[in-house]
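Student: Build the full structure now, drawing on both the sequences and the hints.
Note that the protein sequences, when read in sequence, are chains A, B and C.
Residues 1309 to 1859, numbered by the working numbering, are exactly what the first sequence covers, in order.
Residues 117 to 396, numbered by the working numbering, are exactly what the second sequence covers, in order.
Residues 82 to 274, numbered by the working numbering, are exactly what the third sequence covers, in order.
Among these hints, one or two may not hold up.
Incomplete in silico selection of chain B near chain A, CB under 7 angstroms [as the list claims (entries may be wrong)]: (1) T286; (2) P305; (3) R318; (4) F346; (5) T383; (6) E387.
Rather than coming from a laboratory, the hints here were simulated on the basis of the structure.
These numbers come from a predicted model, not from an experiment.
Here a beta-carbon is modelled for each residue, glycine too, at the ideal position from N, C-alpha and C.
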Amino acid sequence: MTEPIAVVEGLTFRYRRRSEPALRNIWLEIAPGEVLLVAGPSGCGKSTLIRALNGLIPHSYHGDLTGSVRIAGHPTDTTPLRGLATLVGTVLQDPARQLVASTVPAELTFGPENLGVERDEIGRRLVGVAAASGLAPLMDRTTDELSGGESQQVAIGGALMLEPRLLLLDEPLANLDPAAAYRLLALVRRLADAGTAVVVVEHRIEDVLDARPDRALYLDHGVTRYLGSMDGFLANADPTTVKLPFYTWMSRARAAAAAPSVPSKPPVLRPPPEDAPPRLEWRRVEAGYDDRTVLHNVSASLGARERVAVLGPNGSGKTTLFKAAIGLRPLTKGEVRVDGESTAGRSVADLAATFGYVFQNPSQMLFAPTVRDELLFGPRNLGHDPGGFDALVARALRRVGLADEPEIESRPPRTLSHGQQKRLGIAVALALQPRTLVLDEPSAGQDYRSATAFMREVERIAGLESVYFVTHDVDLALTHADRILLLRDGRIVADGTPSEVIADRERWRACNLRETSLMEANLRWGGRSGRFFGPEALAAQVVAELTTPGS
Amino acid sequence: MRAAFAYLGRGSWLARRDPRSILLAAFFFVLGAPQIRDSRHLALILAVAVGYYLLAGIPWRAVRRQWLLLVVVIGAVATINALITGGRSGGFADAETHVLLTLPPFGTEVSAEGISLIATQVLRFGAIAAVGFPVAYAIAPGDLGPALRQLGLGDRMPVMVDLTVRFIPTLSTEFGETIDAQRVRGFDPLRTGGSPMTRLRRLAPLFVPVTVGSLTGAEDTIDAMDLRAFGVGKRTWYRRLQMDTASRVVVGAFAVFLVVATFLNVTGQSEHYLLPFLVR
Amino acid sequence: MTAMAQPQTTPGPWSLTTRVIVYSAIGAALYAVFNWISFAIQIPGAESVSVRPHYGLLTFFGFAFGPVVGFLTGFVGNVVGDQLTGWGAFTSPHWSLANGLAGMITGLFPIWMASRMTSVGSKALTAAVAGVVATVIGFLVIFLGLVLTPELDFNTILTTEYIPVVIANSIAAAIVTPILVLAWEPISAQMGR
Ligand SMILES: Nc1ncnc2c1ncn2[C@@H]1O[C@H](COP(=O)(O)OP(=O)(O)OP(=O)(O)O)[C@@H](O)[C@H]1O
Ligand SMILES: Nc1ncnc2c1ncn2[C@@H]1O[C@H](COP(=O)(O)OP(=O)(O)OP(=O)(O)O)[C@@H](O)[C@H]1O
Ligand SMILES: [Mg+2]
Ligand SMILES: [Mg+2]
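Tutor: Below you can see the structure in the form of structure tokens.
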């Protein structure tokens, strides 16, 4: 047996200003060439474990540490970061912030330069890393013009330049389209096959299976709930907290079939569009940034009572599409109509009364001293009646699942966790009592339970007529939309019901989308309705069908 | 409008020079130009400076606005100065002025000396700006750090400057996003009126989230640098700039200019010049 | 085996640590971007009398992260910002120096007044006072303009540059610095490295 690259023994860590430890009594060994998946709900300590493995704990983050972490035999608490840097490479949660140089080559050479590696040797590594991680086409780019996926790739390249024996990736897939995610995971597999140990923290477990992880570690509240083979993990993990492939639901459903009542989601079919004009219509719209046109001749109309999902590759213009619709990007050609009337001359604030818009990164707007003030900023700007404010705040918080947080209304918004800030962003939009909700990437960075619970909750809001959302999550789109738009290179390439849109697999893949297990299962067992079911409902239905004699 | 140092001069003659020569040229020039006072000398210098500027191949359309602002601001300051002093400043401080007209209500004097001084300042700042533009537009991104390093600023300051330049487009995009997010909530960033204090307070929804957001993001940046051993010892600089002959000529020419300007200043050979056609 | 994370030797207020470099770079970049935005949406010429929220950013960075960050935010921020608007990085070195000094002086107050700042409120008040004092002192440097632009006289600089800028900047410092201190305080306490 080979020596393990990392040994964690009885690790417990509490951040200095916290009362509870973020990690408790963790035991772990990581072997060279192994891919270890780390999963668990938001706030369970995944990033903290990463920090303990790369030495930021205890070198940069202070607190109470017991137990030990050794990397290739070196204890992290007595080995300086400089020494650890040659052993461990880390890619942090947010790629945009960890690129520190102006150009891609300068970013890649940053690490070895700091270590004082010879120039010839740096040059040699540069060529090797560029070839191995597919960075060659990016070598003459500046770091600020990289897309999210490209930034991830460059960040990984920067870590590989130190020739680490252990590579740590913290949620590398958030915000990547499925094809970009696949490419990244294929790279992870190649690295592991070449002998590097890789730790991947991820919520998107079905996607991570592409990297064929050897083992999984499941954390909850800082405690190890599971550590072992991938098969064992898939068989035992709770599918309501992490997103698992569909077949794992089947086995659970079989087991549960003995119990009579099946929790099946009642179909939320909305009344078909009457003769009312569409809520939102783009007519031959062209829009973009500075000299660059992003949307080309886009025409589409979205009904007043529809749930619509927009999918497409990174950078295809999904965000721009809705920004143009509510007046945040000027149109260079064409027209946008809302409820049958042109929006020319209407202000953004005016349109905000109809559309509640939740940005891809809603924390970019949080500024108020308390959550309550944050929620009321919009209603106050729009001159709503202060009498109803208490009820408004309470309702908005309840809907996004924040009402149970202690003293939530008086907390400074920025002190909430990432996932919570995202949900607060949605509450902010709901506080404006819109008739239509527009969500940009509602599930990114959320654990599976929060994401699905929230979508279900939104669909129950009285007075909310329609939901339009942008996502990379194919399953979310299929199960929560009546209609799907596919966008590619700023053009709409498909528009129809989920089953119509996925019928053309060629086109589906050309939009950087992939076939998921839930999608295949729905096609196989979902029936003729053309509707797509969530994994729980579908599994229950299939099992019921299979066990009913004569069907 | 996104803020970024666009590499607009890419491929031009000046962009192919060692960036150190562009930096040194601007530096020497700023030291030399204030020592020249004679507007005839400055006119000549401006002509040469514009020639140098043209070597950077910066498209006019991209910098039109900057030039306009520059001329307006310099013109305004110089004009106010001329009005306040009535032209009795600089080399004319003790002069008998030639008053061209007197403006009501305070009897402000517009003098030939004042106008001559305005001309001097506009010419000089125009030349300084012309030599300064290539610093922003003709240095390849990523070369600024190595250039500062090889100019002897140590290991850390060049990284700091490079990091600043690297963050500008990112923060500018985030700023744009924040403006958008607040407009959706009925906030109007361009609303005017009220005292300066009220207006500043009203801008809080813009500057608070951008500032606080970039500070929380800074934690990631610090981690990313620590994890790649920044600042622990002597640093290698992979990119190494080479001075070619043409770059040396550029530096040499500007160094000579500085010496000549200093000489003219010390020997009093470039004093303020009264434009003769203003005094009949 | 138990290993308490050793209390690290805190680097002095003048050392150029990674943290200082990153905060300075972010401060300077923000300063330049804010400056650019007010440049991009304003009528040319109205600058010296208009509201300058970016100035309050500078005093905040000095106050929250110390004199070195304050100096670099002001100095590099102004150099880069001037370059961005086309004014030229070195065209007005004395203005860059003035901004740097103002940031640095603001950064000295928390060191001097550490014992007085017991509550968040007193901290915010100190920040406002520090910002104003630092502005009044730091901007004296712009009288170097007498050397760099020999045509200008003392009265012109005093009335058209020093007084209006010190007034506008003091207002920005007095209003914006405490707002940012109040916003940042709870978050920095949470992050607790
Ligand atoms: N710098 C810090 N200072 C204090 N507490 C922290 C810090 N970072 C994380 N925590 C706390 O430690 C716990 C674990 O956080 P961690 O970031 O490791 O979670 P995570 O599993 O990575 O969550 P997510 O999926 O949202 O990224 C949380 O309660 C969090 O609030
Ligand atoms: N503020 C901006 N300034 C300049 N270009 C931009 C800006 N925002 C986006 N772009 C560019 O416009 C194009 C479309 O961007 P958009 O954000 O609409 O894509 P998207 O489909 O939402 O991508 P993602 O899935 O990554 O969120 C991209 O090429 C992007 O680089
Ligand atoms: Mg995390
Ligand atoms: Mg997007």
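Student: Quick one, is the B/P305 hint okay against chain A at 7 angstroms, beta carbons?
Tutor: violated, 11 angstroms
Student: Taking the least C-beta to C-beta distance, is B/R318 closer than 7 angstroms to chain A?
Tutor: With a minimum Cβ separation of about 11 angstroms from chain A (threshold 7 angstroms), the hint on B/R318 is violated.
Student: Hint check: is the beta carbon of B/E387 less than 7 angstroms from a beta carbon of chain A?
Tutor: violated, 45 angstroms
Student: Would the stated hint for B/T286 survive a check requiring a Cβ distance to chain A of less than 7 angstroms?
Tutor: holds, 6 angstroms
Student: Close enough to count: is the Cβ of B/T383 nearer than 7 angstroms to one in chain A?
Tutor: Violated. Min distance 45 angstroms.
Student: For the hint on B/F346, does the least C-beta distance to chain A fall short of 7 angstroms?
Tutor: Holds - the Cβ of B/F346 comes within 7 angstroms of chain A, reaching about 5 angstroms at its closest.
In terms of the numbered hints stated before, the structure departs from hints 2, 3, 5, 6, listed from lowest to highest.
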